[in-house]
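Based on the hints, put chain U in the right spot on chain C.
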Amino acid sequence: MLKDITLGQYFPGDTVVHRLDPRTKIVLVLVYIVAMFIAESFASYALMLVVLALAISLSRIRLATVLKGVKPLIFVIAITAFLNIFYTSGRVLVEFWIFKITEEGIFNAIFMSLRIIMLIMGTFMLTYTTSPIMLTVGIEQLLGPLKVIKVPVHELAMMMSMALRLIPTLIEETDKIMSAQKARGADFDTGNLIQKAKALLPILVPLFISAFRRADELAVAMESRCYHGGEGRTRLNVLTMSGRDYISFALAAAVLAGVITLAHFGL
Amino acid sequence: MSKTPILKIENLTHVYSKGTPFELSALNGINLEIGRGEVIGIIGHTGSGKSTLIQHLNALIKPTEGKIYLDGKDINESKQSVKEARSRVGLVFQYPEYQLFEETVYKDIAFGPKNMRLTPDEIDVRVRASAQFVGIDEELLERSPFDLSGGQKRRIAIAGVIAMLPEVLVLDEPMAGLDPAGRREIMENLMGYHRETGNAMLIVTHSMEEAARYAQRMIVLEHGRVAMDGTPDQVFSREKELKEMGLAVPEMTELAEKLRGCGLPLEGTIYTVEQMRDALLRLGGGRQDA
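Residue numbers (the working numbering), protein chains in the order written: chain C, 1 to 267; chain U, 1 to 290.
Bound-form chain C, shown alone (with noise of 0.2 Å):
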């Protein structure tokens, strides 16, 4: 049950997109958005869909899976798209009581959820392609110049990775903890909000003292090995950018020239 999560899951693979740079990959990424934005006409659309759809067939993970991600978002979207369709004023097509469906608003609706889906889908393939290391890497190093401003970007890198790295962790003890309580008689599903919340004590309790247990002993674990900070620290695998970075970037400009002309040209 807990373990099916999939926001943030990675899909191990050897693709051209999985190789990419994970600083290229968070630039496309927000290259993609902002042209997603810009987008506002089918031959628009139709562009960024290609090239949504040539990410996902070069990543080879299944459209299923990536589907799977927009799938808790379908409330939000259903909602975008109801406001749309009757609060959109222009060429009124059927009207009943106080609603009116304008034929702006069926394409406002439709635009409008393509463009939520779309940016989730999208947006979920960097986190799909990319392992939670990587991306902490690439973000650490992209944020890299703020240090001169006295951003501790090292640090908040470190937390990040290793907040994701507990993630499962945690996921696993809370399974182990609910099993425990239960075996103990421990009632989760039955009474009111109150007596529900109350229940949850059991689990919250332990599973707090053994968080601050864990990162009490990472803590220890890290300085035993020497370490302090990233002054002066190297990396392993140092990042660099290869053919196939520049290459996406070219294409990423392409794109974004293509959508902003289209959208200059009101197309």
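Don't read these hints as lab results, they were simulated from the structure.
Ideal placement from N, C-alpha and C gives every residue a C-beta, glycine not left out.
Just to be clear, a hint being listed does not mean it is correct.
Capping the alpha-carbon separation at 25 Å, the derived lysine to aspartate or glutamate pairs in DMTMM-like fashion look like this [as the list claims (entries may be wrong)]:
(1) K198(C) x E65(U)
(2) K107(U) x D189(C)
(3) K18(U) x D175(C)
(4) K240(U) x D229(U)
(5) K114(U) x E139(U)
(6) K240(U) x E257(U)
(7) K198(C) x E10(U)
(8) K114(U) x D189(C)
(9) K196(C) x E97(U)
(10) K62(U) x E173(C)
(11) K79(U) x E167(U)
(12) K196(C) x E217(C)
(13) K176(C) x E65(U)
(14) K62(U) x E172(C)
(15) K18(U) x E172(C)
(16) K67(U) x E10(U)
(17) K71(C) x D187(C)
(18) K62(U) x D245(C)
(19) K147(C) x E231(C)
(20) K79(U) x D175(C)
(21) K176(C) x E102(U)
(22) K18(U) x E77(U)
(23) K114(U) x E102(U)
Just the calculated beta-carbon pair ranges, DEER-fashion [claimed, not checked]:
(24) V82(U) x K68(C): 28 to 34 Å
(25) K68(C) x G72(U): 39 to 45 Å
(26) G29(U) x R225(C): 46 to 52 Å
(27) D233(U) x R225(C): 47 to 53 Å
(28) D233(U) x F11(C): 40 to 46 Å
(29) K240(U) x K198(C): 35 to 41 Å
(30) F11(C) x V82(U): 31 to 37 Å
(31) K107(U) x E217(C): 25 to 31 Å
Listed below are several chain C residues computed to face chain U (Cβ distance under 8 Å; list not exhaustive) [said to hold, decoys possible]:
(32) K182
(33) V205
(34) T240
Only chain U this time, still in chain C's reference frame:
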């Protein structure tokens, strides 16, 4: 002791994440009967399905196939039967001290009985009795469990399950991570509980010595199947097979095998120091007679 088994496991099969690429079959058609008042050691390699099996016994995991009967009744039949199974089959997980959560030792031990909706008087009796069973002094009952030592925490957690007075007490590696003295003490406490209440006990363990010393019956699991089931004598006489499964046989069995290899004709199955002594004496006696 009544003739009908307290627990009957019929053709139990469990497959994790069925229908996904992560499909993993943990148990394959297990058939077992656990008699009332039996003390059983469950032994198996990591991943042999021990933990999966014991979590089925109180309906924490539902079987993919097969049935588990408690006193002749299918435990997964209804919500009520699941609840009943949880209180009649007590399960102590590995490192149970990590599940303590209450402010005082007393309250933590009382958690199980309270969930069984017993009267406060009955709860009080049970908390004190189970604290005594595991060797926790009365004066510790009002302390915070988090101030106590690891060994004491372990006992308190075990007491928390014993307080439900389960007819079958299942313990997953109850001695893991304790020093030899602590291991022995906990085992003696548990055996005391068993003698006094006559309730059945299933102990999952890696230690052959301990299983041999305390259990009347041993069940060896391999790849989700029951590979052996019998008295320690019967199981340890199949030393070669145990070794092939990657299980360590007791030191005395190992020694006996080596001595036999050197030409000493030791008789019988040997897994305790006493048996070794007797076998050696018999041998020596034989020579004197000759």
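A quick look at each hint next to the structure:
Among the hinted pairs, K198(C) with E65(U) is inconsistent with the structure: their alpha-carbon atoms are about 35 Å apart, more than 25 Å. A distance of roughly 22 Å separates the Cα atoms of K107(U) and D189(C); the hinted pair therefore holds under the 25 Å criterion. For the hint linking K18(U) to D175(C), the alpha-carbon distance of about 19 Å falls within 25 Å, and the restraint holds. With a CA separation close to 16 Å, the supplied pair K240(U) and D229(U) stays within the 25 Å bound.
Between K114(U) and E139(U), the direct Cα distance comes to roughly 21 Å. Compliance with the 25 Å bound is thereby established for this hinted pair. A C-alpha spacing of about 10 Å is found between K240(U) and E257(U), which places the hinted pair at or below 25 Å, so the restraint holds. Note on K198(C) and E10(U): the hinted pairing is violated, with a Cα-Cα distance of about 37 Å set against a maximum of 25 Å. Restraint check for K114(U) and D189(C): satisfied, since their Cα atoms lie roughly 17 Å apart, inside the 25 Å limit.
Under the criterion of a C-alpha separation no larger than 25 Å, the hint pairing K196(C) with E97(U) is consistent with the structure, at around 24 Å. Of the supplied pair hints, the one linking K62(U) and E173(C) holds, its CA atoms being roughly 20 Å apart against a limit of 25 Å. Restraint check for K79(U) and E167(U): satisfied, since their Cα atoms lie roughly 20 Å apart, inside the 25 Å limit. Straight-line distance between C-alpha atoms of K196(C) and E217(C) comes to about 32 Å, which puts the hinted pair past the 25 Å bound.
Among the hinted pairs, K176(C) with E65(U) is consistent with the structure: their alpha-carbon atoms are about 23 Å apart, no more than 25 Å. For the given pair, K62(U) sits about 19 Å from E172(C) by alpha-carbon distance, which is consistent with the 25 Å threshold. This hinted pair checks out: K18(U) and E172(C) have alpha carbons roughly 19 Å apart, not beyond 25 Å. Note on K67(U) and E10(U): the hinted pairing holds, with a Cα-Cα distance of about 5 Å set against a maximum of 25 Å.
The straight-line distance between the Cα atoms of K71(C) and D187(C) is roughly 29 Å, outside the 25 Å bound, and the hint therefore fails. With a C-alpha separation of about 49 Å, the suggested pairing of K62(U) with D245(C) is violated against the 25 Å cut-off. Between K147(C) and E231(C), the direct Cα distance comes to roughly 11 Å. Compliance with the 25 Å bound is thereby established for this hinted pair. Among the hinted pairs, K79(U) with D175(C) is consistent with the structure: their alpha-carbon atoms are about 20 Å apart, no more than 25 Å.
For the hint pairing K176(C) with E102(U), the CA-to-CA distance comes to about 18 Å; that is within 25 Å, so the pair holds. For the hint linking K18(U) to E77(U), the alpha-carbon distance of about 22 Å falls within 25 Å, and the restraint holds. Under the criterion of a C-alpha separation no larger than 25 Å, the hint pairing K114(U) with E102(U) is consistent with the structure, at around 13 Å. The beta-carbon spacing between V82(U) and K68(C), approximately 31 Å, falls within the hinted interval of 28 to 34 Å.
Taken as a hint, the range 39 to 45 Å holds for the pair K68(C) and G72(U), whose Cβ atoms sit roughly 44 Å apart. Taking the beta carbon of each, G29(U) and R225(C) are about 48 Å apart, inside 46 to 52 Å as hinted. Range check, D233(U) to R225(C): Cβ separation about 50 Å, and the 47 to 53 Å hint holds. Under the hint 40 to 46 Å, the C-beta atoms of D233(U) and F11(C), about 52 Å apart, miss the expected range.
Roughly 55 Å separates the CB atoms of K240(U) and K198(C), a value that falls outside the hinted 35 to 41 Å. A beta carbon spacing of about 36 Å between F11(C) and V82(U) agrees with the range 31 to 37 Å that was offered as a hint. Between K107(U) and E217(C) the beta carbons are some 28 Å apart, a value that agrees with the proposed interval 25 to 31 Å. Interface restraint check for K182(C): the shortest CB-CB distance to chain U comes to about 6 Å, inside 8 Å, so the restraint holds.
Of the supplied interface hints, the one on V205(C) holds, with its beta-carbon coming within about 4 Å of a beta-carbon of chain U, less than 8 Å. Annotation: interface hint on T240(C) violated; nearest CB of chain U at approximately 33 Å, more than 8 Å.
Of the numbered hints stated above, those contradicted by the structure are hints 1, 7, 12, 17, 18, 28, 29 and 34, listed in ascending order.
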